[in-house]
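S.K.: Join the two chains into one complex using the hints; note that each chain is given alone, in its own frame.
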Amino acid sequence: MMSPRPPADPRPTHPALRSAVRRGLRGADTAGGADAGTASLGDEDAAEVLARARLDRTTGFLAAALLDGTLDASDHTVDAATNAWRRSLQGVVLVEARAVRIAVALDGAGVRWRLTKGAALAHLDYRDQLAERTFGDLDLMIHPDDWTATLDALGAAGLRRRTPELRAGYDLRFGKGATLVDERGCEVDLHLRFAIGRFGVRSRTTELFERADRIELGGRVIPVLAGPDRLLHACHHLVLGGCSALRVARDVAQLVLVSDVDWQATVATAQRWRVDAVVAAGIVEAWERLGLEIDHPAHRWAMAHTTPRGDARAIRVFARARPFRSQALTAVPVLAWRRIPTYLWTLGPRRVANGSAHRTSPRG
Amino acid sequence: MVAKEPDDVLDDDVMVVQHPEVLWRVAPSHLVIATLDDQVHEAVGPAPDIWRAIEQPTAIGALIASLAETHTLAPEQIRDDVIAFLTDLVAAGAVQTDAGRAR
Chain A
1 MMSPRPPADP
11 RPTHPALRSA
21 VRRGLRGADT
31 AGGADAGTAS
41 LGDEDAAEVL
51 ARARLDRTTG
61 FLAAALLDGT
71 LDASDHTVDA
81 ATNAWRRSLQ
91 GVVLVEARAV
101 RIAVALDGAG
111 VRWRLTKGAA
121 LAHLDYRDQL
131 AERTFGDLDL
141 MIHPDDWTAT
151 LDALGAAGLR
161 RRTPELRAGY
171 DLRFGKGATL
181 VDERGCEVDL
191 HLRFAIGRFG
201 VRSRTTELFE
211 RADRIELGGR
221 VIPVLAGPDR
231 LLHACHHLVL
241 GGCSALRVAR
251 DVAQLVLVSD
261 VDWQATVATA
271 QRWRVDAVVA
281 AGIVEAWERL
291 GLEIDHPAHR
301 WAMAHTTPRG
311 DARAIRVFAR
321 ARPFRSQALT
331 AVPVLAWRRI
341 PTYLWTLGPR
351 RVANGSAHRT
361 SPRG
Chain B
1001 MVAKEPDDVL
1011 DDDVMVVQHP
1021 EVLWRVAPSH
1031 LVIATLDDQV
1041 HEAVGPAPDI
1051 WRAIEQPTAI
1061 GALIASLAET
1071 HTLAPEQIRD
1081 DVIAFLTDLV
1091 AAGAVQTDAG
1101 RAR
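Chains as they are written, first to last, in the numbering used here: chain A, 1 to 364; chain B, 1001 to 1103.
Note that these hints are calculated values from the structure, not bench results. Glycine included, each C-beta is placed from N, C-alpha and C at the ideal position. Treat each hint with caution, since some may be false.
[Said to hold, decoys possible] Facing chain A, from chain B, some residues (calculated, C-beta under 7 Å): (1) L1023; (2) V1032; (3) A1034; (4) L1036; (5) D1038; (6) P1057.
Looking at chain B on its own, in the form it has when it is part of the complex (with noise of 0.2 Å):
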């Protein structure tokens, strides 16, 4: 894994993980994450729901298939808002993914 590749497009192909190096806490419809050199973010709605997903290297692809089936939605619905915040996340340095290597 990758510790941070915000430039990589992420797609279905592309594994994710939480990384090992933050601090985070997840409330109701709420997460916060920080990393060692203090930067917090904070992210709500189904924010949470997505950390718990990437506990372990997950797909991208089988994540969103997964969110939509507990959201009752189509991926399609979802796709763009799950990329979003997942390249917040790996810009942040909270996300490590494989992006960028060959798969």
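Here chain A stands alone, though its shape is the one from the complex (with noise of 0.2 Å):
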């Protein structure tokens, strides 16, 4: 398959960081491949490196990879990497006590919500490198139906929209969700889909809590999106999120070469729903950025997709990081005309009390 989408960032990962993120994923580390025979990363590159893996959340699997000698430096690029991770990972914690302190919120609200994304797949999918699979934000996936007693549970324990909803019912209608912040400014994401647009408006996620994985955080049993659903999910952060793309393809591959999650089964989803396209594209886009050359029936079949035109100009307005409201209008040629008029409305100037109209750029 001609891939959709070409990669949002211009800059070349360099080999020796692809080649830490690659570690430990299973026939990476000995099928060769793009960057066979590149195992150390030079001082005139270390502080790039470092930059970027400090951006990407790859820090952790960097600095393990410097640590046991995968990857050659000095002795100076091997203490500031690990210096990093050890920073990264004093903000993992702390993230997953406020998870266990919103699971009691939650919990407590009765509301119907899934773990999923870092966290998630770092208990799940990297047993093994737990500790090297970083992040530092809550992401939560929230059923339809409990949206409002998740923000009023949420705001009754101290959370605060970042930015208003577009408009009233835009959330629930059309969005992606919304991103709270506590008094830290520490953010917690809730997710009603998984992207704005095309895709996020072909969803039907109350699926997805028709099943469920589960994790112990802190002595607390948190639910978290079962298998295929992370897989899911994480190709569309990889195809339609913008960032960190190198960690995203690393969660796809480690999900289905590690995982070994039933890959099936989120194609089945994906066709439900219509994002197949998606998931396609995610996984040829994690082989393609790790530089994997490993044979898989996933893989296979992502390369053998047929990509329908309006699914891969929609994935490419993503992939060229277009602003809020281009991504959003990838939506209109898949909505019922009846909905068309509602949406672009909402997605129109609004007024606010000076008089000025702004747009906002809400998370979704």
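M.R.: Here it is in structure tokens:
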């Protein structure tokens, strides 16, 4: 398949960082591929690679590869990467402490929710590299019928929306969710959908609450998206998310190659939602970004997938990191005609108190 | 097990175990722990070994003996440091003990 998604980030990934992020991925260490023979990080590149790793939250992979000798570098570079990793781990345990407090609030309110992305993936999909998979915020999938109860419960717990709802009712009808912040400015991302725009409005996320995995955090049982649904979310994040692509590429490959999740169940859900183009693009992009040459049926399926022209066009809008409105407008061709005026109305300029018009760029 | 008894003297017969209500990660020679009230504690060196060893209730004497064997040291060489570290963890609410109870 020709990938419908050109890389959003024009900076090439340094081979040493890519090699570090591949480390531990079944089959990738011995399969040769794009980085065969490149296992050193020179001082001239170290600062840039470390900055990139901090940005992408891949310091754990980088430091672990340096500490175990998979990657060669000066002592100064090893120390700098190790210190960056340790700082990330402070953030990780604080995010998990917050997750436990939020679980108490949501369970108390009877909300149906699932933990997803960082903490969920780290515990269930990186069991042998748990500390290496770092994260900096909390992502929760919320059942749409419990959206208001969720906002009320977390509001009572001291969290506030970072930006107001675009227009009344937008979140539930079309939105991706909302970002809440606590008194320290720490983020909690509440998801109603995996994406805005064309693929978001096609999704039927209530299905995600028919199944769950579970982890234990701080002595509390936490519901987590089921494995195939974690892969579905990771593909959306990689293809439509716009940042941290190397780490998210690793997540997709990890779910397929290490966790061995039922990728065919992922595809089945994606086909019901008509977002299979996102899953195919996600798997292809993960292989490309990591330089994998591993034969796997999921990759063969993705390579053979025929992406409808409209889906490919929409994916390219996200790949080019176009503004929120452009991404949101990819939904218009797939909306029922009766919904289009309302949808466009919600995206239009919003009148604020002083009479000036402005656009918000909500989380979606 | 008692959640926090920092004033109790820890000795070889005291049982210690990770407190279930903490969040933690271990990296090479590094341990980071957070309690639910957002207190973060870090330790380096053999701290990850000690932390792993008390996932299940363990007598401090047995813990010291095991660590000494692993690191080919005499128990006396590490006893004070291990007990000091455990005392800090108990005070932080990261470790439970049965100290102060009839044994």
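S.K.: A closest beta-carbon separation below 7 Å is what the hint needs, so does L1023/B meet it against chain A?
M.R.: It holds, given that the least Cβ distance between L1023/B and chain A is near 4 Å, below 7 Å.
S.K.: With chain A as the partner, please determine if D1038/B meets the hint condition of a C-beta pair closer than 7 Å.
M.R.: holds, 6 Å
S.K.: Under 7 Å is the threshold here; is the Cβ of V1032/B close enough to any Cβ of chain A for the hint to stand?
M.R.: holds, 5 Å
S.K.: Double-check L1036/B for me: the hint is only fine if its C-beta lies closer than 7 Å to a C-beta in chain A.
M.R.: This interface hint holds because 5 Å falls under the 7 Å limit.
S.K.: Can you verify the interface hint for A1034/B: is its Cβ closer than 7 Å to any Cβ in chain A?
M.R.: Where the cut-off is 7 Å and the nearest Cβ of chain A is about 4 Å from A1034/B, the hint holds.
S.K.: Hold the hint about P1057/B up to the distance rule: shortest CB distance to chain A must be less than 7 Å.
M.R.: violated, 15 Å
The earlier numbered hint that this structure contradicts is number 6, and it is the only one.
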